[in-house]
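Protein sequences appear in the order of chains Z and W. If you read the first sequence in numbering that gives the first Met the number 0, its first letter stands for residue 0, the second for the next number, and so on. If you read the second sequence in numbering that gives the first Met the number 0, its first letter stands for residue 0, the second for the next number, and so on.
Please keep in mind that the hints were generated in silico from the structure rather than gathered at the bench. Note that the coordinates shown come from a computational prediction; the quantities given were computed from them, not determined experimentally. Any given hint might turn out to be false.
Identical copies go unnamed one by one, so any copy, or any two together, can satisfy a pair.
No farther apart than 20 Å at their CA atoms in a straight line, the calculated lysine to any residue pairs in the SDA-like style are these [to be verified]:
no. : residue 1 : residue 2
1   : K149      : V136
2   : K149      : P96
3   : K90       : A72
4   : K70       : W59
5   : K206      : L85
6   : K206      : G40
7   : K55       : Y73
8   : K70       : T186
9   : K206      : R80
10  : K206      : E84
11  : K90       : K149
12  : K206      : R44
13  : K206      : L35
14  : K55       : K70
15  : K70       : G177
16  : K55       : A72
17  : K70       : L176
There are 2 protein chains.
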Amino acid sequence: MPESYNPCMSDAPALDFWFEFASTYSYPAAMRIAPLAEAAGVTLRWRPFVLGPIFKAQGWDNSPFNLYPAKGAYMWRDLERLCAELNLPFKRPPSFPQHTIAATRVALVALDEDWGEDFCRAVYAREFGEGRDIGTVDAVADIVSTLGLKPAPVLERAQSDAIKARLRAQTEEAQRLGIFGAPSFVTADGELFWGNDRLEAALAWAKR
Amino acid sequence: MPESYNPCMSDAPALDFWFEFASTYSYPAAMRIAPLAEAAGVTLRWRPFVLGPIFKAQGWDNSPFNLYPAKGAYMWRDLERLCAELNLPFKRPPSFPQHTIAATRVALVALDEDWGEDFCRAVYAREFGEGRDIGTVDAVADIVSTLGLKPAPVLERAQSDAIKARLRAQTEEAQRLGIFGAPSFVTADGELFWGNDRLEAALAWAKR
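Chain Z extracted, bound-state conformation (with noise of 0.2 Å):
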């Protein structure tokens, strides 16, 4: 298990850093944050969770883009100009928001031993930068193995009990902490920065 996982082996400024796989903007934070919080002297938890419950307790069955289009045609045309400005492949994928509870499940598993966050990185290059789907177990499957991995006792792990009830309390930990959208990052001291673009102000924070 990496240091980072461990809050006791380390006095270094902390910072939880929330994403959900459906979200676009997740897709740039996750690939910039590693780097970012390595030059500032953050450790890093990584603390995925699923964004379906807490728009529904917003009353929305559907993704804020989709329901409001003016909203979603800006995302897609910032998500690009983003991408570019960042040198990060971009591509639509078929449908959105893709279903994630398959792919979040792995990442729990994955964040607990060795292999996390290569995993998170290889869902969205895959699902934002490939376009390609990510919301099958087939789809979930095959990108484990691209990580060097045997798919089937991966995919058995994260079928686990215990896997599912660390999911439902993670998402259910963000809705506590007043997360209404991903990315989202919290500091030690529980001040909550919302949105790729506030992932400096966030490690500006820890570090205060």
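Using the hints provided, position chain W relative to the given structure of chain Z.
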């Protein structure tokens, strides 16, 4: 009429700054934009509009910050942090959102003359810097007089059919441009940027 309102007088890069007096994030944007645009060599056009009709078209009869409490709680805290970082005073107004029709009509009058930007900054400073109402005709008259002008003739011009029609046209234009929130920035080639956070990106695009 200042140079910035005549697009024919200069080949300088140009940017339209769309703002709504009730919009919280328009406050730091309005306070920051003039020196940043000058430093970037970008000619600004200040475009006041009202969000009410645009929100109504999305099915909202109130600010999303009131309709979605987690988002609202985050916004107030985020604005407080942001203003502290920018050394801008910050105090919540007694009610939110404020009624902005009277102030917006006066802004259109003022921007035709040479005191428009000062008026707009004075409205924001009073509303979010001092936490005072800006929604009544009396409050607007008071702001006008702090700028050394007699309020009565200004308010009369602001009530003219021409100005009322201009505000409606301005708001319809915002909607046609795909604007769904404030502040927004639109470049001469039609690129839309939304949010105080994207001001620098909008200026950089305008200069390309």
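Going down the list of hints, with the structure as the test:
no., hint, verdict
1, K149 - V136, "within (14 Å within a copy, 70 Å between copies)"
2, K149 - P96, "neither (27 Å within a copy, 55 Å between copies)"
3, K90 - A72, "within (14 Å within a copy, 34 Å between copies)"
4, K70 - W59, "both (15 Å within a copy, 14 Å between copies)"
5, K206 - L85, "between (24 Å within a copy, 18 Å between copies)"
6, K206 - G40, "within (8 Å within a copy, 34 Å between copies)"
7, K55 - Y73, "between (23 Å within a copy, 19 Å between copies)"
8, K70 - T186, "between (28 Å within a copy, 18 Å between copies)"
9, K206 - R80, "between (29 Å within a copy, 15 Å between copies)"
10, K206 - E84, "between (26 Å within a copy, 15 Å between copies)"
11, K90 - K149, "neither (28 Å within a copy, 56 Å between copies)"
12, K206 - R44, "within (15 Å within a copy, 38 Å between copies)"
13, K206 - L35, "within (12 Å within a copy, 27 Å between copies)"
14, K55 - K70, "both (19 Å within a copy, 14 Å between copies)"
15, K70 - G177, "between (22 Å within a copy, 8 Å between copies)"
16, K55 - A72, "between (22 Å within a copy, 18 Å between copies)"
17, K70 - L176, "between (25 Å within a copy, 12 Å between copies)"
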